[in-house]
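If you're matching them up, the sequences are chains A and B in order. The numbering of the first sequence is our numbering, which starts it at 1 and goes up by one. The numbering of the second sequence is our numbering, which starts it at 164 and goes up by one.
These aren't lab readings, by the way, just hints derived from the structure by calculation. Values in this document were obtained by computation on a predicted structure and should not be read as measured data. Glycine is no exception: its CB is placed at the ideal position from the N, C-alpha and C atoms. Certain hints may be false.
What the simulated footprint calls covered on chain B by chain A, stretch by stretch (three residues with Cβ under 8 Å from a Cβ of chain A suffice, anywhere in the stretch; the number is not a length) [what the hints assert, rightly or not]: (1) 166-172; (2) 175-188; (3) 349-356.
What follows is a list of derived Cβ distance ranges for each label pair [said to hold, decoys possible]: (4) A/Ala139 <-> B/Glu182: 37 to 45 Å; (5) A/Ser108 <-> B/Asp281: 36 to 44 Å; (6) B/Arg366 <-> A/Glu7: 34 to 42 Å; (7) A/Gly62 <-> B/Asp339: 17 to 25 Å; (8) A/Asp15 <-> B/Ala298: 37 to 45 Å; (9) B/Gly208 <-> A/Leu8: 36 to 44 Å; (10) A/Asp52 <-> B/Glu182: 25 to 33 Å; (11) A/Arg11 <-> B/Leu219: 46 to 54 Å; (12) A/Lys157 <-> B/Ser353: 34 to 42 Å.
For lysine to any residue, the following SDA-like pairs were computed, each having C-alpha atoms within a straight-line distance of at most 20 Å [what the hints assert, rightly or not]: (13) A/Lys66 <-> A/Asp19; (14) A/Lys58 <-> A/Asp15; (15) A/Lys153 <-> A/Asp98; (16) B/Lys166 <-> A/Thr154; (17) A/Lys6 <-> B/Ala191; (18) B/Lys361 <-> B/Ala273; (19) B/Lys181 <-> A/Lys153; (20) A/Lys128 <-> A/Ala33; (21) B/Lys361 <-> B/Phe282; (22) A/Lys61 <-> B/Arg350; (23) A/Lys128 <-> B/Ala349; (24) B/Lys181 <-> A/Arg11; (25) A/Lys66 <-> B/Leu346; (26) A/Lys100 <-> B/Met164; (27) A/Lys61 <-> A/Lys100; (28) A/Lys153 <-> B/Lys166; (29) A/Lys66 <-> B/Tyr304; (30) A/Lys6 <-> B/Gln180; (31) A/Lys128 <-> B/Ser353; (32) A/Lys6 <-> A/Glu60; (33) A/Lys100 <-> B/Glu172; (34) B/Lys181 <-> A/Ala107; (35) A/Lys66 <-> B/Lys166; (36) A/Lys66 <-> A/Asp56; (37) B/Lys166 <-> A/Glu60; (38) B/Lys166 <-> A/Asp15; (39) A/Lys58 <-> A/Gly124; (40) B/Lys181 <-> A/Ser4.
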Amino acid sequence: MALSVKELRIRRILDLYGDSLYRLACSYLKNEADAQEVVQDTVIQLLRYDPDFSGDAKKEKGWLMKTAANLSRNRLRALKAHPPEELNEAFAAAETSDLKFVWEAVASLPVRYREVIHLYYQEGYTTKELAELTGRREATIRSDLHRAREQLKTILKESYDFE
Amino acid sequence: MNKYQQANEPIRLSEEQKEAILNQALRAEIRPAGRTDPGFYRWAGVLAGAFAVLLLILLPGRMKPASSDAPAMNETMAMESRESAPDHESAEYDSAAAAAEPCDASQLAAELGCPVPDFSTYPNVRAVEYTRISAAAGTVYVAAEQGEFVLLIEALPKSDEPAAEGEEETEVLYEDDEVRYSLLDARSLSEAGRDELKGFLNR
Numbered sequence: 001m002a003l004s005v006k007e008l009r010i011r012r013i014l015d016l017y018g019d020s021l022y023r024l025a026c027s028y029l030k031n032e033a034d035a036q037e038v039v040q041d042t043v044i045q046l047l048r049y050d051p052d053f054s055g056d057a058k059k060e061k062g063w064l065m066k067t068a069a070n071l072s073r074n075r076l077r078a079l080k081a082h083p084p085e086e087l088n089e090a091f092a093a094a095e096t097s098d099l100k101f102v103w104e105a106v107a108s109l110p111v112r113y114r115e116v117i118h119l120y121y122q123e124g125y126t127t128k129e130l131a132e133l134t135g136r137r138e139a140t141i142r143s144d145l146h147r148a149r150e151q152l153k154t155i156l157k158e159s160y161d162f163e
Numbered sequence: 164m165n166k167y168q169q170a171n172e173p174i175r176l177s178e179e180q181k182e183a184i185l186n187q188a189l190r191a192e193i194r195p196a197g198r199t200d201p202g203f204y205r206w207a208g209v210l211a212g213a214f215a216v217l218l219l220i221l222l223p224g225r226m227k228p229a230s231s232d233a234p235a236m237n238e239t240m241a242m243e244s245r246e247s248a249p250d251h252e253s254a255e256y257d258s259a260a261a262a263a264e265p266c267d268a269s270q271l272a273a274e275l276g277c278p279v280p281d282f283s284t285y286p287n288v289r290a291v292e293y294t295r296i297s298a299a300a301g302t303v304y305v306a307a308e309q310g311e312f313v314l315l316i317e318a319l320p321k322s323d324e325p326a327a328e329g330e331e332e333t334e335v336l337y338e339d340d341e342v343r344y345s346l347l348d349a350r351s352l353s354e355a356g357r358d359e360l361k362g363f364l365n366r
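The shape of chain A in the complex, shown without the other chains:
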C-alpha cells in the first residue's frame, strides 16, 4: 500500500529530528513516556500549523526544537503537582551509559540551566542561536551557561568526587 504524503512527512521528521527532539524532551522531563508524548505533540503541531521553512532545514529544526521545548515546559508545569519518577527508576536508556553520571548531573540542574546546557553541548547551538530559540538575550544565555557550568562543577565534585 502506498504511503500517504502525511505519513511520509512524519517519517522524514522522525528520522531526521526524532532523536534530537526526544533527547531534548528527556532533558526536561527525565521520563521516557512523557518525552515520547512531547515528540508526538510536536509532530502534531507541525502538521497543524504547517509553517513555511522554504526548504531551510536549520529553520525547520529550530522550529521543532522550540516547539518541543515549549511543550516540555508546559508538561513540566502540569506535572509539578505529580512529579515524575526518579531518574534511576524511570530512565532505562541512560542506565546503559558509562557516562550516566554526566547525564544525572545535568539532569539535577534547574530547568533554566539544563535547557541551555543541553542545547549548547548536545545540539551545538551557538549562544546567538540559543537566544533566538529561548527568547532570552544573548548576554543572559552566556551568563546562564556560566552559572550552569559552575553548578555542574559543584555537583560533580560533591556527588561524584570528580575533579
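Let chain A serve as the given structure and place chain B on it in line with the hints.
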C-alpha cells in the same frame, strides 16, 4: 563528541516508539489553530440531549413546567456538556495541550482564585490567549507592538510553603500575598516592552 553527547547517545527513539508516534499523529485530527472542532459541538449537543432524555425518564415527578427547578436543571445539563468536552477532546487530540485549557481572563481568575490582568486593555495588543495549566497556575500569551511574551500567573498559598524546584527559571515581575506574575517566555519582548509590561502589572 563531548562527554555529554556520549552520555546522551543511548537515548534514542526506538522503531516501536516511532511507529506509535506516527500512528498517533496520523490519528489526530489536525484542525486550524484556534478553532474548535465542529464535531465537538455536535457531540456535546448529543450528550446534553441524551442526558435530558435520561432525566425525563428517571425523574418524571420532579419535572415542573416553568418552575424554579428549570434553571437549575439547565445548569446541570450545561455542566454535563462541559464535563464531557475534555474527555472527547483528549480522546481525539491526546496531547500536552489537554493540560493547558484555553479560557478567558475572568474565568481564569475565578478558577485560580487570584487576580488575573485583563490584557484586552494592554497598549497596542494584537493577540491574547489565556490558558489554565493547573489548579493554581495559568498563563497568558500576549503579542503586542513591543513584542511577544508569556506571563505565568500563580495563585500563592497563604501558608509559607518552601519554593518549588525550578522556580529560578522565571523572572518575577510582580508578587504580593495572593498572586505572582512571572515572565515565562520573553520571546521577542523588547526592553521598552518589558518596562511597559511592568508598568501595566504594577498599576
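Verification of the supplied hints:
1. Only when three residues or more bring their CB closer than 8 Å to a CB of chain A does the claim for the stretch 166-172 of chain B stand; here the count is 7, and the claim holds.
2. With a threshold of 8 Å between beta carbons, the proposed coverage of the stretch 175-188 of chain B by chain A holds, since 9 of its residues qualify and at least three are required.
3. Coverage of the stretch 349-356 of chain B by chain A holds. Counting CB-CB distances below 8 Å, 4 residues qualify, and the rule asks for three or more.
4. Separation of A/Ala139 from B/Glu182 is about 44 Å and conforms to the stated range, judged on CB atoms against 37 to 45 Å.
5. Take A/Ser108 and B/Asp281: their Cβ atoms lie about 40 Å apart, and the range 36 to 44 Å holds.
6. Between B/Arg366 and A/Glu7 the C-beta distance comes to about 52 Å, which lies outside the given range of 34 to 42 Å.
7. For A/Gly62 and B/Asp339, the hinted distance range of 17 to 25 Å is not satisfied, since their beta carbons lie about 38 Å from each other.
8. At roughly 40 Å, the beta carbons of A/Asp15 and B/Ala298 sit within the given window of 37 to 45 Å.
9. Checked against the given bound of 36 to 44 Å, the beta carbons of B/Gly208 and A/Leu8, roughly 37 Å apart, stay inside it.
10. The beta-carbon spacing between A/Asp52 and B/Glu182, approximately 28 Å, falls within the hinted interval of 25 to 33 Å.
11. Separation of A/Arg11 from B/Leu219 is about 51 Å and conforms to the stated range, judged on CB atoms against 46 to 54 Å.
12. Look at A/Lys157 against B/Ser353: about 40 Å separates their beta carbons, and that is inside 34 to 42 Å.
13. For a cut-off of 20 Å, the pair hint linking A/Lys66 to A/Asp19 stands: about 15 Å separates their Cα positions.
14. Taking the CA atoms of A/Lys58 and A/Asp15, the gap is near 15 Å; set against the 20 Å cutoff, the hint holds.
15. Proposed proximity of A/Lys153 and A/Asp98 is supported: the alpha carbons are some 19 Å apart, at most 20 Å.
16. Of the pairs offered as hints, the one joining B/Lys166 and A/Thr154 holds, with about 17 Å between alpha carbons and a cut-off of 20 Å not exceeded.
17. Straight-line distance between C-alpha atoms of A/Lys6 and B/Ala191 comes to about 12 Å, which keeps the hinted pair within the 20 Å bound.
18. A C-alpha spacing of about 23 Å is found between B/Lys361 and B/Ala273, which places the hinted pair above 20 Å, so the restraint is violated.
19. At most 20 Å may separate the alpha-carbon atoms for a hinted pair to count; B/Lys181 and A/Lys153 exceed this at roughly 36 Å.
20. Proposed proximity of A/Lys128 and A/Ala33 is contradicted: the alpha carbons are some 32 Å apart, above 20 Å.
21. For the hint linking B/Lys361 to B/Phe282, the alpha-carbon distance of about 13 Å falls within 20 Å, and the restraint holds.
22. For the given pair, A/Lys61 sits about 18 Å from B/Arg350 by alpha-carbon distance, which is consistent with the 20 Å threshold.
23. With a C-alpha separation of about 15 Å, the suggested pairing of A/Lys128 with B/Ala349 holds against the 20 Å cut-off.
24. Proximity of B/Lys181 to A/Arg11 is assessed by CA-CA distance (about 8 Å); at most 20 Å being required, the pair is judged to hold.
25. This hinted pair checks out: A/Lys66 and B/Leu346 have alpha carbons roughly 17 Å apart, not beyond 20 Å.
26. A threshold of 20 Å between alpha carbons decides the hint, and for A/Lys100 with B/Met164 the separation of about 15 Å falls inside it, so the pair holds.
27. For the given pair, A/Lys61 sits about 27 Å from A/Lys100 by alpha-carbon distance, which is inconsistent with the 20 Å threshold.
28. Restraint check: the Cα-Cα separation between A/Lys153 and B/Lys166 comes to about 14 Å, which is no more than 20 Å; the hinted pair holds.
29. For the hint pairing A/Lys66 with B/Tyr304, the CA-to-CA distance comes to about 16 Å; that is within 20 Å, so the pair holds.
30. For the hint pairing A/Lys6 with B/Gln180, the CA-to-CA distance comes to about 18 Å; that is within 20 Å, so the pair holds.
31. Under the criterion of a C-alpha separation no larger than 20 Å, the hint pairing A/Lys128 with B/Ser353 is consistent with the structure, at around 16 Å.
32. Between A/Lys6 and A/Glu60 the alpha-carbon distance is near 16 Å, which keeps this suggested pair within the 20 Å criterion.
33. Our distance criterion of 20 Å between C-alpha atoms is met by A/Lys100 and B/Glu172, whose separation comes to about 11 Å.
34. Simply put, B/Lys181 and A/Ala107 have alpha-carbon atoms about 24 Å apart, too far for the 20 Å limit, and the pair is violated.
35. With a CA separation close to 24 Å, the supplied pair A/Lys66 and B/Lys166 exceeds the 20 Å bound.
36. Note on A/Lys66 and A/Asp56: the hinted pairing holds, with a Cα-Cα distance of about 16 Å set against a maximum of 20 Å.
37. Between the alpha carbons of B/Lys166 and A/Glu60 the distance comes to roughly 27 Å, so the proposed pair goes past 20 Å and is violated.
38. The suggested pairing of B/Lys166 with A/Asp15 is violated, with an alpha-carbon distance near 24 Å, which exceeds 20 Å.
39. A hinted pair counts as satisfied when its Cα atoms are at most 20 Å apart, and A/Lys58 with A/Gly124 qualifies at roughly 12 Å.
40. Proximity of B/Lys181 to A/Ser4 is assessed by CA-CA distance (about 16 Å); at most 20 Å being required, the pair is judged to hold.
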